[in-house]
Every structure is written in structure tokens, then in C-alpha cells.
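Please build the complex by placing chain C on the supplied structure of chain X, with the hints as guidance.
So the sequence lines, in the order shown, correspond to chains X and C. Going from the first sequence to my numbering is simple: count from 1 and add 318. Going from the second sequence to my numbering is simple: count from 1 and add 318.
There's no promise every hint is true.
Capping the alpha-carbon separation at 35 Å, the derived lysine-lysine pairs in DSBU-like fashion look like this [unchecked claim]:
| # | chain 1 | residue 1 | chain 2 | residue 2 |
| --- | --- | --- | --- | --- |
| 1 | X | K765 | X | K716 |
| 2 | C | K336 | C | K562 |
| 3 | X | K630 | X | K702 |
| 4 | X | K716 | X | K417 |
| 5 | C | K390 | X | K390 |
| 6 | X | K494 | C | K630 |
| 7 | C | K702 | C | K336 |
| 8 | X | K562 | C | K417 |
| 9 | X | K631 | X | K571 |
| 10 | C | K417 | C | K716 |
| 11 | C | K630 | C | K336 |
| 12 | X | K630 | C | K494 |
| 13 | C | K390 | C | K766 |
| 14 | C | K562 | X | K417 |
| 15 | C | K494 | X | K390 |
| 16 | C | K702 | C | K766 |
| 17 | C | K390 | X | K494 |
| 18 | C | K562 | X | K562 |
| 19 | C | K716 | C | K631 |
| 20 | C | K677 | C | K631 |
| 21 | C | K494 | C | K571 |
| 22 | C | K702 | C | K716 |
| 23 | X | K571 | X | K494 |
| 24 | C | K494 | C | K336 |
Calculated from the structure, these hints are not laboratory results.
2 protein chains.
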Amino acid sequence: MTDIAVTQELAAWTVGLKAADIPASVRAEGLRTFVNWLGCAVGGCEHETVDRALAVAVPFSGPQRASVIGRKERLDELHAALINGISSHVLDYDDTHLKTIVHPAGPVASALLAVAEERGVSGEDFLTALIAGVEVECRIANSVYPDHYDRGWHITGTAGVFGAAAAVGRLLGLDKQQMTWAYGLAATQSSGLREMFGTMTKSFHPGRAAQNGALAAFLAKANYDSSERGIEAPRGFANVLSTKQDYNEILGKLGEVWEAGLNTYKPYACGIVIHPAIDGCQQLRDRLGARVSQIRSVELVTHPLVLELTGKKTPRTGLEGKFSVYHAAAVALIRGDGSPAAFTDEAVSDREIVALREKVSARADESVHEDAVHITVTFDDGSKEELHVAHAVGSLEKPLSNDAISEKFLRQSAPILGEQQTATLIELAWNLPQTADVGTIARASCKK
Amino acid sequence: MTDIAVTQELAAWTVGLKAADIPASVRAEGLRTFVNWLGCAVGGCEHETVDRALAVAVPFSGPQRASVIGRKERLDELHAALINGISSHVLDYDDTHLKTIVHPAGPVASALLAVAEERGVSGEDFLTALIAGVEVECRIANSVYPDHYDRGWHITGTAGVFGAAAAVGRLLGLDKQQMTWAYGLAATQSSGLREMFGTMTKSFHPGRAAQNGALAAFLAKANYDSSERGIEAPRGFANVLSTKQDYNEILGKLGEVWEAGLNTYKPYACGIVIHPAIDGCQQLRDRLGARVSQIRSVELVTHPLVLELTGKKTPRTGLEGKFSVYHAAAVALIRGDGSPAAFTDEAVSDREIVALREKVSARADESVHEDAVHITVTFDDGSKEELHVAHAVGSLEKPLSNDAISEKFLRQSAPILGEQQTATLIELAWNLPQTADVGTIARASCKK
Numbered sequence: 319m320t321d322i323a324v325t326q327e328l329a330a331w332t333v334g335l336k337a338a339d340i341p342a343s344v345r346a347e348g349l350r351t352f353v354n355w356l357g358c359a360v361g362g363c364e365h366e367t368v369d370r371a372l373a374v375a376v377p378f379s380g381p382q383r384a385s386v387i388g389r390k391e392r393l394d395e396l397h398a399a400l401i402n403g404i405s406s407h408v409l410d411y412d413d414t415h416l417k418t419i420v421h422p423a424g425p426v427a428s429a430l431l432a433v434a435e436e437r438g439v440s441g442e443d444f445l446t447a448l449i450a451g452v453e454v455e456c457r458i459a460n461s462v463y464p465d466h467y468d469r470g471w472h473i474t475g476t477a478g479v480f481g482a483a484a485a486v487g488r489l490l491g492l493d494k495q496q497m498t499w500a501y502g503l504a505a506t507q508s509s510g511l512r513e514m515f516g517t518m519t520k521s522f523h524p525g526r527a528a529q530n531g532a533l534a535a536f537l538a539k540a541n542y543d544s545s546e547r548g549i550e551a552p553r554g555f556a557n558v559l560s561t562k563q564d565y566n567e568i569l570g571k572l573g574e575v576w577e578a579g580l581n582t583y584k585p586y587a588c589g590i591v592i593h594p595a596i597d598g599c600q601q602l603r604d605r606l607g608a609r610v611s612q613i614r615s616v617e618l619v620t621h622p623l624v625l626e627l628t629g630k631k632t633p634r635t636g637l638e639g640k641f642s643v644y645h646a647a648a649v650a651l652i653r654g655d656g657s658p659a660a661f662t663d664e665a666v667s668d669r670e671i672v673a674l675r676e677k678v679s680a681r682a683d684e685s686v687h688e689d690a691v692h693i694t695v696t697f698d699d700g701s702k703e704e705l706h707v708a709h710a711v712g713s714l715e716k717p718l719s720n721d722a723i724s725e726k727f728l729r730q731s732a733p734i735l736g737e738q739q740t741a742t743l744i745e746l747a748w749n750l751p752q753t754a755d756v757g758t759i760a761r762a763s764c765k766k
Numbered sequence: 319m320t321d322i323a324v325t326q327e328l329a330a331w332t333v334g335l336k337a338a339d340i341p342a343s344v345r346a347e348g349l350r351t352f353v354n355w356l357g358c359a360v361g362g363c364e365h366e367t368v369d370r371a372l373a374v375a376v377p378f379s380g381p382q383r384a385s386v387i388g389r390k391e392r393l394d395e396l397h398a399a400l401i402n403g404i405s406s407h408v409l410d411y412d413d414t415h416l417k418t419i420v421h422p423a424g425p426v427a428s429a430l431l432a433v434a435e436e437r438g439v440s441g442e443d444f445l446t447a448l449i450a451g452v453e454v455e456c457r458i459a460n461s462v463y464p465d466h467y468d469r470g471w472h473i474t475g476t477a478g479v480f481g482a483a484a485a486v487g488r489l490l491g492l493d494k495q496q497m498t499w500a501y502g503l504a505a506t507q508s509s510g511l512r513e514m515f516g517t518m519t520k521s522f523h524p525g526r527a528a529q530n531g532a533l534a535a536f537l538a539k540a541n542y543d544s545s546e547r548g549i550e551a552p553r554g555f556a557n558v559l560s561t562k563q564d565y566n567e568i569l570g571k572l573g574e575v576w577e578a579g580l581n582t583y584k585p586y587a588c589g590i591v592i593h594p595a596i597d598g599c600q601q602l603r604d605r606l607g608a609r610v611s612q613i614r615s616v617e618l619v620t621h622p623l624v625l626e627l628t629g630k631k632t633p634r635t636g637l638e639g640k641f642s643v644y645h646a647a648a649v650a651l652i653r654g655d656g657s658p659a660a661f662t663d664e665a666v667s668d669r670e671i672v673a674l675r676e677k678v679s680a681r682a683d684e685s686v687h688e689d690a691v692h693i694t695v696t697f698d699d700g701s702k703e704e705l706h707v708a709h710a711v712g713s714l715e716k717p718l719s720n721d722a723i724s725e726k727f728l729r730q731s732a733p734i735l736g737e738q739q740t741a742t743l744i745e746l747a748w749n750l751p752q753t754a755d756v757g758t759i760a761r762a763s764c765k766k
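Same shape as in the complex, but just chain X (with noise of 0.2 Å):
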């Protein structure tokens, strides 16, 4: 219980922020964020996962204002908000607030570029939206993790409609009241369950959650009013679903303490335990170069989980090989790749990275931080050679470079746009800040 008017409080600092109170590297990380989220839109979006939902979606589409990420569809923007929230999660290659394990992006962006493309906003605008949508989203989840996220909530999904309604409300130009309504009908669509990890419904909550916070917005707009503490409240969405509530963590040096400079990004399409590894069996097989062939035995020391999560000897699928730490070091040291492609049937069942996985051993060490992986590679004439992780790349220590997130969309977007479209649209992605009308960016998103 608090008398802290939480929900009034952080609407009055979401509709009052600036661009200019925005530290540069914050605002550096949400141009990150947003050219992260694009690639991976693209990258997602011809799963069969979106074909399903668009083959509903369409059908009741109202007038056509948005775009559909890397296709030709255009639909509503409640609609296109849902549709490109599920491909940016559904290749699980998105960004990661690893305090909370909530993927930003995807509710807040999906919703706001939806939203924005036909109404003429500025990149500025726009980032000052994504940032303030982000920074909500996280304070909240922070607020309620980790109790909450071990009660079997999504996070992404229950957090996440918090951050699409700030930031299509700011768009709206919500006033304080309005914006305390927006957040209490986000807070009654709060939903989202774990149970669904593993299917299809996985991705649909950061997709329904960019959809019901847009929504919350819209309607806020025309004053259909709400609860003015949905938040905090007794009967609200901390005290509801979560046994613990501090909401220090929503409002303690807001404006000062920024959660959406510390978001990251995957360089790797699979589980985030994997990714030293992965990092290190690149490192090397550019070290390394022919002497690849030569391998005898790969040793991995690794923090229990991985072997706890991913350890599966002989993946069948490329999805089984997601969870597979030897494939994921074979296939990085043959083809350097971490990427959706490194995790198909075809990569799986591949001879000479099957040759090479049944090669690798890995053994769990309680003192190796999740973050680490040391191995050992010994070749066919008895030497050795040894590296040593100390953070993954992709972590808050090694950051991925705009160069390597560049490099992602690169790989992911050219089999959907091709080569040029994807030079066009990472370079335009990149140019937000200085964007008269990101509409150009969407539109220049679609597959012609």
C-alpha cells in the first residue's frame, strides 16, 4: 500500500519530458534500440508465425495508414502495431533489459511507428517517444521483478503495454489527466503468460502489447476515463499481480537515472546463456583460419545454466540447435555464425559442423560467471590453444558496436529486401534523429 500518487506522478513526467532533458548517450541507446528493433522487424517478419496472424489481421484491417515491416501488407495502425510487435520478438533476436529480462522494443516501437507514420513526426519527437516509452516500461517492470516474472507473468507483454500507451501518448499530445487514464487502461490489459514460451503466443504479447497500449492511448485521447491510480492501487496492476511492489523503482531520480540507457542487444539468435560461447568460438576461428579443420577436441568451462538450458547433444531441428551449446560452438567456429542462419535444419544436419559439435565438450563450473566461458582447443598434432571470455559481446560490459548492429540487420534484412534496399534502410534508420518524417521510414521498411 502506498499513498504515493505513482500513476499521476510518472504521467506528469511522461508528458512534461523534453528532448533536451535527454543525456546524448541516452538518447545514442534509443537510436540503438530503434535500428536494433527495425532489423529484427525485418528480419522476423516472413515467419510463418506473422503469416498466421496477418491472415487475420487483414480481413479486419480498418483504412490502410501503416506499414507492415519488411512486406506489403499495410493495415490499421492498431493492427500494424500487433503485427510488427510479433516480428521483432519472434526470432527471440531482440533487445534485452537484462535487469528485468524485458525486450524494450518491441511493445513501444511497433506501437509508435505505427502510430507516427502518417502524422508527420520528427524523428526527434519520435525518439523522445521511444525513450520515454522505454524508460516506463522498464521503471515498472523493475517495480514488480523479480516476483513477478517468477509468478509466471511475460514481462515484455504485462511491462510493455505500459510503455506503448507513454509513448503513443505523447505522440497524441495526452495532457497529465489523460495520460494517468492511458495508464490505467494499460494497466487492466496488463496480461501475458509464461506458459506460452515455446509457441506461437509467445510473440503475440509484445505484439498485443504495443496493440492494447496504442489503444489505451487512443482512447484516453477521448477522454474515456480510468482509474488515476491503476498502478499503485490496492486493487491495481502492482498490487495484483505482483507480491512485490516498490515504486521507488518507478519514480526514485526519474529524469536522472536513465533504465533506457542500459538496454542490449543480441548478437546472436538464441538464448542468451549461449553467447560466450559463441562469442569465443568466433574470436578463434579468426584466429585460427585453416587450423579449424585440424581440431581434435573442443573443451568448454561453463556456468551451470548453460549446460542446464542449452545442452542438447544432437539437435534434430534448428530450433532444438538453439539449445544445443555444441552446435552453437561448431557452427560459429566453421562458419563464424550466430545469426537466424546459423540455427536452421540445414545448419543442424550439416557434416561437417555435425563432425566438428561431436567434437566439443563442456563442463560446468559453479566459479565462471554466466557472462564467461573459457576453451580449449586441441588439434590433431597434441597442441593447444585457449581463450579466455571474460563478457559476451552484446553484454552492458561489451557492447554491441552500431557497427555489429549494423552488420545484424544487414544479415537479416537482405534474403527479405535485398542488398540495396537494406543499405538504403539502415542508413535512413540511422539518420532518425535528423528525420523530418519517420513515415519515410516505414514506408521504406516494405518489401516493393
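What follows is chain C alone, placed relative to chain X:
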């Protein structure tokens, strides 16, 4: 934790149910559920809550295949489900499953009629789907009530989404596998907080449950997959949203004992605890005739909850009048009214009603059942008249007659659609089981 495949067994029952499996008494109750719901949806359709929701729905609507009950607008099925669900609940005048305080028809009928309208669905198939939906909704509610409701969930929203998925899923011809997925998609959208009571967002809940449940069914039809244990899994609906999980309430005697046969209909447009007082005062009015003008005092002896919830002495607005047992008694004695017209700003400031209201006193007595009241009227000449209500009209023991449901419909609908169109609509509604195409009823409900 349970090993029983609750979701799959419920799905199998839902898709396998045949009209002939349903006892005549339950089919009759299903018809009453439909007629009462339709009248309430007409009655609420011009409320400003509906106006504001429509201001958002219209610009996002897809092809206009579905009627907005009582109005001229048309929308796609999903948006019509939302708006009709709001209309039917906004006056707090709809139906009640007393065991759980679920308002069953809002989520189920709102989704069903919208989807059925242009699909050439017979009244018989419609009624079977409606009953299946209400049964699923009330059984799921039973499985988690009261813990789930006490925690702060608005059960009409959280359980309603399953009912809507069941009913629409039948119309779409889902197979068992797809219905299982539809329940998973319903589970992951289950939402709605009691904190929203007293705001426009309360009636958003049955509307959104209708829309979300319908979406779940459409997605499942497109083979958008989901968990197969959405209800009972450790991180499924019942465990995440409740501390009580009684799966026997869902599967026990399914198809033998019918929750759908236990629906009740409010005779009066206010909280159910004042109903005995209104019932008694209406009876007294009929008995007293002109002597009503000679009343010196009215004493009510009621269950303590009546004063706790509705003890407002001098209501200033119609809405406050719903929380004043004194006003409710006075308006019933003078006008014989408990309809929405009895709870307007005009009614609570009417001189004659105010004068009588000031003569009404109430005393709480633990021994009086929630459903009962004892009324003593004392006249100017010192004589007395007493009346005891053992079970208020509208309770399970004294259900509203079909004529009373028609009268309630007429009173709500005549000011909106006119007497003639209302009479036709009431006749069409009662004739549902013989209707070849329920679309004719939907269209007959619209303003010309």
C-alpha cells in the same frame, strides 16, 4: 498442480456439444440470457461511455460487417464485440451468475452476435454456442472464485474471455486442437482490474473480453498455436491469477449440471443489495394506492451490507442515487420504478421523492438475509402497514418472468428505438430458437 488435461478436455467438450445435449430448461435460460442482454445493450447504447469508445473504434474499424446495437454505426466484428459489450454493461443492469458475480452475457453474446451476423447462423446454433460460452465462462470462474476476485480481478473480464472464445470458436467450427489453442490465447489475454470500478473502464472489461475472446478464436482458426495447458499449467491462468484452483469446478459433471441454467437478471438498475427494498416498496405501492401520500415514516430492516454499501442519505446525482437505499425506497413507492429512469439527476431532486426519502429510515439486522427486507410503513393517522420480502424478485428463488424481462427491455429500448421498433425487436429476440438467420435480429436492433 494437476495432471488432468483441463484445457484439452474442456476444448473437447466445447466442440463436441450438440443442441440436443442441452436440457430444455437450460435452453430456455439461455434464451432469457440473450433477450435480457439485448435489451441492456440497447438501453446502454447512448451512454457517453459508448460515445467515447465509438469515437476511437470508428476510425480503426475494418469492413462494416456487424451492427452496433441500438445505433446507426456499423463496425467490423471485433470492434462491434467491444462496443456492444460496453453498452450491455454500462448501466450495471445486466445479468448475474450469483455464485461468482460474473455478468455472463456481456463477453459471450457481444462476441457471438457480431461474428454471427453475416455468417447465416441459425438461432439454434447461436443459442447452443451462447450456452457453451456461458457454461465455460462460469465454470472457469467457479474454479478460481472467490480468491481470484478477492485479489482484485474483475472476473467478468478474466473469465469472460474464455466464454467468448468458446462461443465464437464453435461458430468458426474449430476442431479440438484449435479450441485448445483458443483457450490458450484467451488465457494469455485474461485481464481486467477491480480498481477500475466507478470509471468508464469497468464496462470496457466485458467489451474487451468479448473482443479478445473472438480474436483468440480467429487466430486459432488460422492455426496460430498456443499452449495446450493454458488453464492448468503451473504458469497458466489458474495458477498465475489465483491462489485457488479447483479443476473439478471446470470438468466435474460437465454437460450434466449446468451453470448456464443459473443465470439471473436484475429487475432494477442498481447494486443487487438494494433490490429487496425496491421490490417491497413496489409491492406496497400497489397495495396502498392513494395512501402513499399519507405516509409519515418508512422503516426498513435490512442486512447490514445494505447500509454499508448504499447508505447515502442525500444523493445529489442519479449515480449517487444508486447508492442510496432511501432514494431507492422512495422512488419505488412514488413511481413504482427501479429502472434507469429511477436513478437520474431529475429523479433524485424531485420534490415529492425527496420529501418521502427524508421519511425513510433503515436499521441493520444480522438475522436478515441479503436477499430479504422487512418494511413497516406508518401513516399520518398512526395506522401501520407491514411487508416482508423473503427473496427479492430477480433472485434464483424468484426469477424475473419472461414478461418482466420483456417489460425491462421495453422500458430501456422504447426511448431509444421507439415503441414500435422495440416491440418488433422483442418479438424477434424471443423467437431466436426458430430464427433461420440471427443477422436479422442484429440488424433489427439498429437505429434507422
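Evaluated hints:
no.	hint	in the structure
1	X/K765 to X/K716	holds, 34 Å
2	C/K336 to C/K562	holds, 31 Å
3	X/K630 to X/K702	holds, 26 Å
4	X/K716 to X/K417	holds, 16 Å
5	C/K390 to X/K390	holds, 34 Å
6	X/K494 to C/K630	holds, 32 Å
7	C/K702 to C/K336	violated, 56 Å
8	X/K562 to C/K417	holds, 31 Å
9	X/K631 to X/K571	violated, 47 Å
10	C/K417 to C/K716	holds, 16 Å
11	C/K630 to C/K336	violated, 49 Å
12	X/K630 to C/K494	holds, 32 Å
13	C/K390 to C/K766	holds, 7 Å
14	C/K562 to X/K417	holds, 31 Å
15	C/K494 to X/K390	holds, 33 Å
16	C/K702 to C/K766	violated, 51 Å
17	C/K390 to X/K494	holds, 33 Å
18	C/K562 to X/K562	holds, 20 Å
19	C/K716 to C/K631	holds, 29 Å
20	C/K677 to C/K631	holds, 11 Å
21	C/K494 to C/K571	holds, 19 Å
22	C/K702 to C/K716	holds, 27 Å
23	X/K571 to X/K494	holds, 19 Å
24	C/K494 to C/K336	holds, 14 Å
The structure fails hints 7, 9, 11 and 16 (numbered hints given earlier, in ascending order).
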